[in-house]
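All chains, full assembly: derive it from the sequences and hints.
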Amino acid sequence: MKKIKKEAVLLMFNLTTLLLLTVAVLDTQRNRNLYIEESRKNALLTIEINDRNNIIEDLQNKLKKFEGSNTR
Numbered sequence: 001m002k003k004i005k006k007e008a009v010l011l012m013f014n015l016t017t018l019l020l021l022t023v024a025v026l027d028t029q030r031n032r033n034l035y036i037e038e039s040r041k042n043a044l045l046t047i048e049i050n051d052r053n054n055i056i057e058d059l060q061n062k063l064k065k066f067e068g069s070n071t072r
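My numbering applies: residue 1 is where the sequence shown begins, and numbers increase by one.
Keep in mind that the hints were calculated from the coordinates and are not lab data.
Small disclaimer: the values here were computed from a predicted structure and weren't measured.
Some hints could be false.
[To be verified] Here are the simulated distance ranges between beta carbons:
#1 L19 x K41: 30 to 40 angstroms
#2 N42 x K6: 47 to 57 angstroms
#3 R30 x K65: 28 to 38 angstroms
#4 K6 x T46: 51 to 61 angstroms
#5 K64 x R40: 29 to 39 angstroms
#6 R30 x Q60: 54 to 64 angstroms
#7 N54 x T16: 26 to 36 angstroms
#8 M1 x E37: 49 to 59 angstroms
#9 K6 x T28: 52 to 62 angstroms
#10 K62 x N31: 41 to 51 angstroms
#11 T17 x E37: 26 to 36 angstroms
#12 R32 x L11: 26 to 36 angstroms
#13 F66 x R30: 29 to 39 angstroms
#14 N31 x N70: 50 to 60 angstroms
We put the CB at the ideal spot given by N, CA and C, even for glycine.
So this is what it looks like as structure tokens:
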């Protein structure tokens with residue numbers, strides 16, 4: 001009877017360990033997917049910011065040229 005109890009406890013321990021490992025793997029995968037998604041969003045935001053900065057710089061250059069041609 002003691003041997004069966006011991007085996008049952010070991011079996012439950014192993015099943016619990018497997019369950020915990022499965023949860024850890026799934027959580028890691030979810031975090032990885034979230035990281036990838038955030039990286040994509042950040043890359044798109046960086047592109048948008050760079051585009052807007054280029055537009056601002058272009059408009060500033062045009063304004064300087066306009067002001068320069070206006071003073072002559």
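For each hint, the structure was consulted:
Look at L19 against K41: about 33 angstroms separates their beta carbons, and that is inside 30 to 40 angstroms. At roughly 53 angstroms, the beta-carbon separation of N42 and K6 lies within the given 47 to 57 angstroms, and the hint holds. Between R30 and K65 the Cβ separation comes to about 53 angstroms, which falls outside the hinted range of 28 to 38 angstroms. Checked against the hint of 51 to 61 angstroms, the pair K6 and T46 passes, with Cβ atoms roughly 59 angstroms apart.
K64 and R40 have their C-beta atoms about 37 angstroms apart, which keeps the hinted 29 to 39 angstroms range intact. R30 and Q60 have their C-beta atoms about 45 angstroms apart, which leaves the hinted 54 to 64 angstroms range violated. In this structure the hint that N54 and T16 lie 26 to 36 angstroms apart at CB is violated, the actual value being about 57 angstroms. Under the hint 49 to 59 angstroms, the C-beta atoms of M1 and E37, about 54 angstroms apart, fit the expected range.
For K6 and T28, the hinted distance range of 52 to 62 angstroms is not satisfied, since their beta carbons lie about 33 angstroms from each other. The supplied range of 41 to 51 angstroms is met by K62 and N31, whose beta-carbon atoms lie about 46 angstroms from each other. Checked against the hint of 26 to 36 angstroms, the C-beta distance between T17 and E37 comes to roughly 31 angstroms, which is consistent with it. The supplied range of 26 to 36 angstroms is met by R32 and L11, whose beta-carbon atoms lie about 32 angstroms from each other.
The beta-carbon spacing between F66 and R30, approximately 54 angstroms, falls outside the hinted interval of 29 to 39 angstroms. Between N31 and N70 the C-beta distance comes to about 57 angstroms, which sits within the given range of 50 to 60 angstroms.
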